[in-house]
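Chains as they are written, first to last, in my numbering: chain Z, 488 to 818; chain L, 11 to 269.
Everything labelled a hint here was simulated from the structure, so no lab data went into it. Computed from a prediction, not measured in an experiment: that's the story for all the values here. Careful, some of the hints might be misleading.
Examples of chain Z residues toward chain L, derived with CB under 8 Å [claimed, not checked]:
no., residue
1, 572
2, 575
3, 704
4, 705
5, 708
6, 710
7, 711
8, 712
9, 720
10, 723
11, 724
12, 776
13, 780
FRET-style restraints, in silico, Cβ to Cβ [to be verified]:
no., chain 1, residue 1, chain 2, residue 2, range
14, Z, 804, L, 266, 26 to 36 Å
15, L, 213, Z, 699, 29 to 39 Å
16, Z, 806, L, 134, 17 to 27 Å
17, L, 198, Z, 700, 27 to 37 Å
18, L, 32, Z, 546, 51 to 61 Å
19, L, 79, Z, 812, 54 to 64 Å
For every residue, glycine included, the Cβ atom is placed at its ideal position computed from N, Cα and C.
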Amino acid sequence: MSHRGMEGSAVLAKNAAEPAVPLQHTRGSSMQTRLTKRNRHIHAENVIGRAIAMLCAAMLIILVLSISYFIASKGLATFFVNGVSLKEFLTGTTWDPEGEPAAFGVFPFILGSFLVTVLAAVIAAPLGIGAAIFMTEISPAFGKKILKPVIELLVGIPSVVYGYVGLTLLVPFIREQFEVLGFSVLAGGLVLALMILPTITSVAADAIEAVPQDLRNASLALGATRWQTIWHVVLHSALPGCLTAVVLGMARAFGEALAVQMVIGNTTKLPESILDPISTLTSGITLNMGNTIAGTPYNNALWSMALILLLMSFAFILILRILGRRKWASR
Amino acid sequence: MTVNIQQAQDTVIKTSDLSVFYGQKQALNSVNMEIERHAVTAFIGPSGCGKSTFLRSLNRMNELIPNCRVTGSIQIDGIEVNSDAIPIEGLRQTVGMVFQRANPFFKSIFENIAFAPRFHGVKNKADLEELVEKSLRKAALWDEVKDRLHESALALSGGQQQRLCIARTIAMQPSILLLDEPASALDPISTMKIEELVVELKQEYTIVIVTHNLHQAARISDHTAFFLMGELIEKAPTSQLFTSPQDKRTEDYISGKFG
């Protein structure tokens, strides 16, 4: 009979069966020298390793700080040097930087950025989380073999390609369906939704996979159906991770310039519906920067828009941090 | 009077030729067993002997394991349940299970208990609150948590979490409780509480407990079944099994010759 893997009351017997090995003192002195020598060597390695790691960390911090400082110093010039009021800048709806008098209202850009981002999130979040559920809970084999590589492929497609596809297929489609221009908030939101879908799917899938199997078993053992288990236990437990996925997607959508710029029409007029064209902060910067000279109010206003983008990305990171820190809530 | 005694001694679970296969490997070999109503039946045996596999067959949790096949008959109150004709949700509601590791949901204490009753039709808030209190009282946890029902269940200690899991199972009003080494990860004091609870609960439920701890089996069970290498070697009233086992292997195991 095999004794392998047997335990329980035999613990005592096992301990008794293994007599303590007497310590050997014969090599004591040589052991001591070896120990001290190696310690010195390890110490030097530690110091060097630590210095390299600290240098890398310091460089990252300096990089982030200097970028922030640079953008802030340029961006704040609009208000402190050119005398544009912050309120007028943020809430003004007229963008005419070369007019007489010049008007620097960037509200249409801000609105555009938020509209396309929210639209993209609203479309992509349910699809992405649904796909994540499918590839983790419903059909893990198919998910791992086919869906995951496909999603990785989608992440790798350059944004200009998404924009081009949107321009060639989506814009004419919207034009024909709704008898409008075609370049629109809707087109931008759809292109962005497609772009952030893989991000949301893969991050949400990771979060769902991290839910302990024990919880699924507990739920099923309580007579819950598979769907009740997925909805009330798995998704509920993975909620912070799924929200993180959506916020990450939104951060990407908010910062995307090229693909959006190709399909939204880039007008500074406020849209009346999602079928109207619009501009975003990113498209505003990329389209205008070639026309400006450094130091002019026009140029500074573009930097101020960049500053808003930077602050928004800080805000997204802050939200992610709060989501990550959130303890498993009571409900 | 005699009727009552017979009632107390009758069989609630009866398996015939129950075998379990994981792929090609046979984990349980043709087990025939009868489990008595309102009694604590303990399963003992070395790891890999099939006792947990047998337990998990009773509420068909083995179906969650890929390539797992369960053949033979399981009758609960005379009804064949090892069959696709039996809705699995109803079976699991009747045959509750508590796992080795406490696994509370990432929800409040209240929501943990109310989880199963909600799915099984208790919608009224007052009814739910009453059921939650009753279940927590039965699991001897009410006094410790009554002031923080809406706080996270994960803030409880390990022993409290395990009693919460028992309360959660009780809340769906099962007839049979399967406990898969419920105290193996707990400290002695928490273990003692769980053991007291098990003895208390057998008034209302038929309890089947898997344990590695022979002393625990001796302390709390009325009947003990000894498994070895996928086979049921012996099942007898606990006092009888521990004092005069019929099989040499049982004797060797309980006297610590192997295990």
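Each hint, compared with the structure:
Because the smallest distance between the Cβ of residue 572 of chain Z and any Cβ of chain L comes to about 48 Å, over 8 Å, the interface hint for this residue is violated. Checking residue 575 of chain Z against chain L by beta carbon gives a least distance of about 48 Å; that is not within 8 Å, so the hint is violated. Because the beta carbon of residue 704 of chain Z sits about 7 Å from the nearest beta carbon in chain L, less than 8 Å, this interface hint is met. At a threshold of 8 Å, the smallest CB-CB gap from residue 705 of chain Z to chain L is about 4 Å, leaving the interface hint in force.
Checking residue 708 of chain Z against chain L by beta carbon gives a least distance of about 4 Å; that is within 8 Å, so the hint holds. Against a cut-off of 8 Å between C-beta atoms, the interface hint on residue 710 of chain Z holds, since the closest Cβ of chain L lies about 4 Å away. Interface hint status for residue 711 of chain Z: upheld, as the beta-carbon distance to the closest one in chain L is roughly 5 Å, under 8 Å. Here the hint on residue 712 of chain Z is kept, as its CB sits about 6 Å from the closest CB of chain L, short of 8 Å.
Annotation: residue 720 of chain Z was flagged as interfacial toward chain L, and the flag holds, the nearest CB pair being 6 Å apart, inside 8 Å. Given hint, residue 723 of chain Z at the interface with chain L, holds; its Cβ is 7 Å from that chain's nearest Cβ, closer than 8 Å. Hint status for residue 724 of chain Z relative to chain L: holds, with the closest Cβ pair at about 5 Å, below 8 Å. Evaluation of the residue 776 of chain Z hint against chain L yields a violated restraint, the C-beta minimum of about 48 Å exceeding 8 Å.
Violation of the interface hint for residue 780 of chain Z is found here, the shortest Cβ-Cβ separation to chain L being roughly 57 Å, above the 8 Å cut-off. Checked against the hint of 26 to 36 Å, the C-beta distance between residue 804 of chain Z and residue 266 of chain L comes to roughly 60 Å, which is inconsistent with it. Checked against the given bound of 29 to 39 Å, the beta carbons of residue 213 of chain L and residue 699 of chain Z, roughly 33 Å apart, stay inside it. Here the CB-CB span from residue 806 of chain Z to residue 134 of chain L is close to 38 Å, at odds with the stated 17 to 27 Å.
At roughly 28 Å, the beta-carbon separation of residue 198 of chain L and residue 700 of chain Z lies within the given 27 to 37 Å, and the hint holds. With their beta carbons about 53 Å apart, residue 32 of chain L and residue 546 of chain Z fall inside the hinted range of 51 to 61 Å. A beta carbon spacing of about 46 Å between residue 79 of chain L and residue 812 of chain Z contradicts the range 54 to 64 Å that was offered as a hint.
The structure fails hints 1, 2, 12, 13, 14, 16, 19 (numbered hints given earlier, in ascending order).
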